[in-house]
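Fit chain D to the given chain V structure using the hints.
Going down the list, the sequences are from chains V and D.
Residues in the first sequence are numbered consecutively from 1, following my numbering.
Residues in the second sequence are numbered consecutively from 355, following my numbering.
By construction, these hints were calculated from the structure, which means they are not laboratory data.
Check before you lean on any hint, since a few could be wrong.
Beta-carbon label-pair distances, calculated as ranges [as the list claims (entries may be wrong)]: (1) V:N231 / D:F624: 32 to 38 Å; (2) V:I186 / D:A576: 54 to 60 Å; (3) D:W555 / V:K56: 45 to 51 Å; (4) V:N99 / D:A690: 53 to 59 Å.
Even glycine gets a Cβ: it sits at the ideal position worked out from N, Cα and C.
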Amino acid sequence: MKRVLAYLILATTVVAACGGGNTAATSSPSPTASATATPKPIQVGLVTDVGGLNDKSFNQAANTGRLNAEKDFGLKTSVIESKKQEDYVPNLTTFAQQNYDLVIAVGFLMQNAAWKVAKQFPNVKFAIIDGAPANDAGNTENLPNVANLFFKEQEAGYLVGVIAATMAKNKVGKAIHNTLCSMGGIPIPPVDHYMAGYQDAIKTIDPSATILIGYSNDFVDQQKGKEVGLNHISKNCDILFQVAGGSGLGYIAAAKEKGVYAIGVDVDQIDVAPGTVITSAMKRVDKAVYDSSNAVKSGSFKAGDNFFSATNDGIAYGKLDPIVPADAKAAADKALADIKSGAIKPKTDLTVKP
Amino acid sequence: MPVASVLFALAIGAILVLVSGHDPIGAYIDLFRGAFGSPYDITETLIQTIPLTLAGLSVAVAFRTGLFNIGAESQLLVGAVAAGAVGARFADLPGFLLFPMVLAAGIGAGAAWGAIAGYLKAARGVNEVITTIMQNYIVVFVMHWLLQNGPMTAPNALGTPASAPIGAGAVLPIIIPNELVPLTRLHAGIFLAIAAVAVFWFLLWRTPLGYELRAVGLGARAAAQAGIDPRTRTVLAMAIAGGFAGLAGMIQVTGVFHRVFDGFSSGYGFDAIAVALLGKNSPIGIVLAALLFGAFARGGSLMQANAGVSAQLVSVIEAIVLFVIAAELIVRLLSARRGRKPVEAIA
Chain V
1 MKRVLAYLIL
11 ATTVVAACGG
21 GNTAATSSPS
31 PTASATATPK
41 PIQVGLVTDV
51 GGLNDKSFNQ
61 AANTGRLNAE
71 KDFGLKTSVI
81 ESKKQEDYVP
91 NLTTFAQQNY
101 DLVIAVGFLM
111 QNAAWKVAKQ
121 FPNVKFAIID
131 GAPANDAGNT
141 ENLPNVANLF
151 FKEQEAGYLV
161 GVIAATMAKN
171 KVGKAIHNTL
181 CSMGGIPIPP
191 VDHYMAGYQD
201 AIKTIDPSAT
211 ILIGYSNDFV
221 DQQKGKEVGL
231 NHISKNCDIL
241 FQVAGGSGLG
251 YIAAAKEKGV
261 YAIGVDVDQI
271 DVAPGTVITS
281 AMKRVDKAVY
291 DSSNAVKSGS
301 FKAGDNFFSA
311 TNDGIAYGKL
321 DPIVPADAKA
331 AADKALADIK
341 SGAIKPKTDL
351 TVKP
Chain D
355 MPVASVLFAL
365 AIGAILVLVS
375 GHDPIGAYID
385 LFRGAFGSPY
395 DITETLIQTI
405 PLTLAGLSVA
415 VAFRTGLFNI
425 GAESQLLVGA
435 VAAGAVGARF
445 ADLPGFLLFP
455 MVLAAGIGAG
465 AAWGAIAGYL
475 KAARGVNEVI
485 TTIMQNYIVV
495 FVMHWLLQNG
505 PMTAPNALGT
515 PASAPIGAGA
525 VLPIIIPNEL
535 VPLTRLHAGI
545 FLAIAAVAVF
555 WFLLWRTPLG
565 YELRAVGLGA
575 RAAAQAGIDP
585 RTRTVLAMAI
595 AGGFAGLAGM
605 IQVTGVFHRV
615 FDGFSSGYGF
625 DAIAVALLGK
635 NSPIGIVLAA
645 LLFGAFARGG
655 SLMQANAGVS
665 AQLVSVIEAI
675 VLFVIAAELI
685 VRLLSARRGR
695 KPVEAIA
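Next up, chain V with everything else stripped away, as it sits in the complex (with noise of 0.2 Å):
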C-alpha cells in the first residue's frame, strides 16, 4: 500500500511537473525574456563534445576561449557539456531556440547534428570547429548561417618540423640518428596536414634525413600508438611526433620509454611527460572561438569554410623543453615569419607515404 501511495505522489508530481511546464511555455514566448536586459547583449553558446570541459584538450581549449570572448567583449556566453552524442541535437537546439547568436559546436563528430539544427534555425549563426555541415547522408554540406573553422595543420607541422630537424641534424641530446617520425591515427586529412608539414620542414633543413611514417588506426587506444612508437624507435627514431589524439599518448610513452624525444598535437602537450615531449604542434581552438565570436559582435561573421593559420595566429607551437637549443628556437621563429609572409608555404601532401 505504501508502495502504491509513493507512486501515486511521485506520478502526481511529474504531471503536475508536465502542466506547469506548459503553462510557462505559453505564458512567456521567449524563454529569454527574463534573462534579457536591454539593450540585447550578444550571446554564445557553446556545445562541448563528450570528453568534457577538463580534458586537456579541444574542450578545454574552446571554454577559455569563450570565457576570453565573454571578458573582452561584453558577451553573454554559456556551456553545455554533452555526456553522449545523442545530446549534440538536443543541446544545439538549447542553445538555438533560446535565440543565441551563435552557437559553436566543438569537434567535428558534431557535423551532422550541426547541419540539422541549423537549417532548422536558419535565423541562428553556427560554427564548427575543424568541421563542416554533413547532411544525413554523410555527406559534406555548407549552410548559409554556418562557419566552417578549419585550421592549416601543415603549418603547425612546419614549425615542429623545423625545430625536430634542426636538433637532429646538429644530434643534440638523444637525437643522435637524424631519424625523424611521425604517427597519425587514421589517414585522413587534417592528420596528413600535420605530417605533411613536418616532413616537408626536415626535408627543407637536411635532406639527409631519414624519415619513418606510420599510423595506429586509431584515435584512443593507447596501446596500439606504442606499438608503433616501438617499432619506429627500434629503427633508430630519436623525435617521434603523434598525430593521433588519445592514442597518441602511447606513442608519446614509448618515446618515454626508451628516452627518446616527443612532439605533441593540438594543444600544449609539454605536461604530459616532461622531458620527453620537447613542443607540441596547436591548433589554436581558443583563438577559433575567441575570434569567431567577436565576429559575430562586430556584424564580420562569415559563413562557410573560415581557416585558422599563422597569419591570424591560429596555430602555434607550444612550449620549449630546456633541451631544444636557442637556434632550433630560432629557426622555428623564422619559418614561423615566413609562412606569415608567405615566402614558405608548407606542403599538404605527404612526402614520405608508408
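Here is chain D on its own, set in the frame of chain V:
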C-alpha cells in the same frame, strides 16, 4: 521509499549547488524547465526515457529471477549492431518486410547474447555478474573493429567511423509533425516501448513461465523442490532480458540515428540498473524511474546553460538515489538475517 530517496538525493544535490556558489532553487527550476519547459523538451525527455525503460525492463526481468544483469549495455549494443547491419544490408526491401527483419534481428541478437551469460551460469555456475561485465568489453571492442576498418565501415563525412544508413523502410517515423514541434525527434519507438512494458507485465504476472521465473527469483531451491528447474529458467530469463535490451538498441538505430557508429555506447544499460532498482522492478515503477532519469538527462543541459551548474550534478544526484536504495537493501538484508522485521524506511 523511492520517492524519499529521490527527495533525499535532490536535497544533497541542492547543498552541493549551494557550496559551489550557485542558486539551488534556480538550478532546479532550470533542470525542470529543461526537461518539461516546452513541447520540444518534453519530446526530448521522452526520447531518453524510451531506451532507459527498455533497458530497465531487461535488468528487472533478471532481478525478478534472482539474477544481476550488468550486461544490458552490451545486449543493447548487440541489438543495435544487428539491427544496423540488417537494415543496411537489405536497405532496398520494402518496409513491411524490412522492419520486421530489423526488429527480429535486434531482439534476437540481444536475446542470444544474454542467453550466453544465462547458459554459463546454469551449466557451469559462472557468476552472471562477471560474465555480463566481460561481455560489455567484448562488444565495445568488436564494435571498434566492425566500424573502424571492418565489414560495416562505410565512407562518410560524419567525422566518426560509422556504418551505412539503414533502409528507409526500417526507419521509425517521427510521430509529431515538424510544424507542431519543430525539430522534434520523437519517433514511433515510444509505442514499441509501451508494448514492451505491457509484455513485461503480462509475461511475469499472467503466464506460467513468469510465475516460474519469479519463483526461482524468490528461492531457487524451493522452486526446484516444486519441480521448476532453475537452470533452464536462468537461461530463459537472461534471454528475455537480452531481448528487451536488444529492442532498446534496435529502437535507437531505427528511431534516432538510422545507422550504427563507433561510440554508439550510451550508458543506458548502466543507468538501467538504477532505473530498475528505483522502480522496484515493477512495470509502472520502471516507467516512472526512466522518466525521471530521462528528465534529468535532458534537463541537465538547460541547467548548465542558464544556471552555470555543471550537468554532471545530475550524475551525482542519480548516484545518491542509487546509494540510498542500496543502503536500504543492505539494512533489510541484515535485519532479515537477524530474524527481525525489516526496517520500514531509513531515508
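Between W555 (chain D) and K56 (chain V), is the Cβ distance one that fits in 45 to 51 Å? Holds, at about 48 Å.
So does N99 (chain V) sit 53 to 59 Å from A690 (chain D), Cβ to Cβ? holds, 57 Å
If you check the beta carbons of I186 (chain V) and A576 (chain D), does the distance land in 54 to 60 Å? With a Cβ separation near 57 Å, I186 (chain V) and A576 (chain D) satisfy 54 to 60 Å, so the hint holds.
Taking 32 to 38 Å as the stated bounds, is the beta-carbon spacing between N231 (chain V) and F624 (chain D) within them? holds, 37 Å
Of the numbered hints stated above, none is contradicted by the structure.
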